[in-house]
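Chemist: Given the sequences, and given the hints that come with them, work out the whole structure.
Going line by line, the protein sequences match chains A and B.
Everything in the first sequence is counted per the UniProt record's numbering, starting at 1 for the first residue and increasing by one.
Everything in the second sequence is counted per the UniProt record's numbering, starting at 1 for the first residue and increasing by one.
If you're looking for bench data, these hints aren't it; they were derived computationally from the structure.
Everything numeric in this text was worked out from a predicted model, so none of it was measured.
Any given hint could turn out to be false.
[Unchecked claim] Derived DSS-like pairs: lysine-lysine, alpha-carbon spacing no greater than 27 Å straight-line:
| # | chain 1 | residue 1 | chain 2 | residue 2 |
| --- | --- | --- | --- | --- |
| 1 | A | 266 | B | 175 |
| 2 | A | 373 | A | 346 |
| 3 | B | 175 | B | 107 |
| 4 | B | 185 | B | 175 |
| 5 | B | 107 | A | 266 |
| 6 | B | 193 | B | 175 |
| 7 | B | 175 | A | 264 |
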Amino acid sequence: MTTDMKSRDGRTRGMAKGAARGLGLALVSLPCAVLCFTLSLVSIALIPIGIGIVTTPYVLTGVRTFANRRRVLAAEWGGVRIPPAYRPIPKDANPWARTFGMLRDPATWRDLGWLPVDMTAGFTTALLPAVLLLYPLEGFALAVGLWRVMPDGYWYGFVPVSDQTSALGAGVLALALLFLAHFAAPRVLDAHYRLTRAVLGSNQGELAERVRVLTETRRDAVDTSAAELRRIERDLHDGAQARLVAVGMDLGTIEALLDKDPAKAKELIAQARRSSVEALSELRELVRGIHPPVLAERGLGDAVRALALRLPVATEVSVELPGRAEAPVESAAYFAVSEVLTNAVKHSGADRIWVDLHHAEGHLRATVTDNGKGGAVIGAGSGLTGVERRLGTFDGVLAVSSPAGGPTMVTVEIPCALS
Amino acid sequence: MRVVLAEDLFLLRDGLVRLLEAHDFEIAAAVESGPELARALAELEPDVAVVDVRLPPTHTDEGLQCALQARRERPGLPVLVLSQHVEQLYARELLADGSGGVGYLLKDRVFDAEQFVDAVRRVAAGGTAMDPQVIQQLLARRSGDDRPLARLTPRELEVMELMAQGRSNAAIAAKLVVTERAIAKHTANIFAKLGLEVSDDDNRRVLAVLAYLDHGR
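Modeler: Next comes the structure, spelled out in structure tokens:
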């Protein structure tokens, strides 16, 4: 009972506060909106004769200040957050750059489009709560005697006020209106803020999410490529580079031994040749890990076919690609498929694997299916997590369907165009 | 013996020319791009072509495509393809017409001049020269589920590996330091165990083993 009364009390106070705020908002913002809109139009219209280039930045800055003020009010009074999304304008830019910088900003045009809406629908919705509160007050005043000073034929709502009885009727209508206002006023004001957000706000939520994803995938990409470079450096340093040093030393020794000990020299020549063969085979493996030669020579389809031929498990590859994707996409897809296949061979216990590559609806899709025991998951240190992260850079996705007992189907999808 | 050579890196081309000339080959042409190679193969009618897989202008598998095209126009034209890497996929394409006179080797094999020259001669004579790596890949892939292959003794496997590379019985015998008769015995055993038809023709034998390894036939 107490809470109920309190909430009713709160609602009444809310109604009064809302009406007062709405009235203030309506009365102040209408002239401001009209002024901003007119000045903007005039200033932009004056750009061709030069004056506009000087004035426009100031006018638009004024518009932004006004719009920002309204954003703050919407947040404080209505709890509706409308984050601003203006592009930064360099402070020391010349008027020309400032003017066109601002005019190129979609947020500027959103502001200018919002002004007429604010003058009309915004004004009405801001004023309505006050009207809904003040009009019943007039009705009560009529009922208690104001009707006497009103001219004949005065209408209160749909009640013609001519005597005490009809004035009382007006009072009853006023009571009904007040009751209505009690519920409606906060909602109308809420509608006002929502309207402001709908017109003035950008689709920030999506953008913020996109920015978050991009930040994350960019960091992953940088991490991955840094780790790759470190691995390549180490492999070269400990492998091919060291072997070439050995070959060089052997050649030096051979030169010295050539006359003194031809048999020993011959032995060293064989050793130098072995070293160079090993260096080459290490380089070959390294190159395969960076960018497989078949991929460069033949594209994704044949690269995956060649990969399948290296697997110890019978693998069928079907390819339906009418063109080639960009090199980075091809490479990402290749390494994703390669990792998924490695996983399948290592963990699934499958004796058959099917790979399907095709391009449809702007997406490159690779599906790897095996008849193994299933239970593959992304995460928990599986290779699939790395695949997922690397695909992220290309907005690619990885989907795994792997019920216990199999079969496992892993799908890799990357948005891209073929050329 | 007239050779057309296609290799885009000057140092390697120069080295190959010197190597082949030192072994009494006549270099009919040493070219550096796909279109030049196609023209040389069509006009010069060489006894054998030594071709790098990757050639300008596309720097893709231009050399391989040229070689395959030339063999379509002149079936059996001996071609030895060189590459920095070997792929079973390419080997399969080269062997697909089943007419022999095909070689596919890593560039590293040039280090052993004698063996390389031997391979060029073998290909020119209509034989086969497959890189040991190709054969090892084939064997690794088939060893998992192939019963007949599992019945071969280690020695027979070794002989088969060398045979698949395209070597003659005499060469295999020399390499394994046994008599040719011993190799012939191994060969007969291998063919019996794999269910392949025995043939006196060295090259047909090699192709049969390669086909078996590639497709299980």
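Chemist: Name the hints, by number, that the structure is in violation of.
Modeler: none
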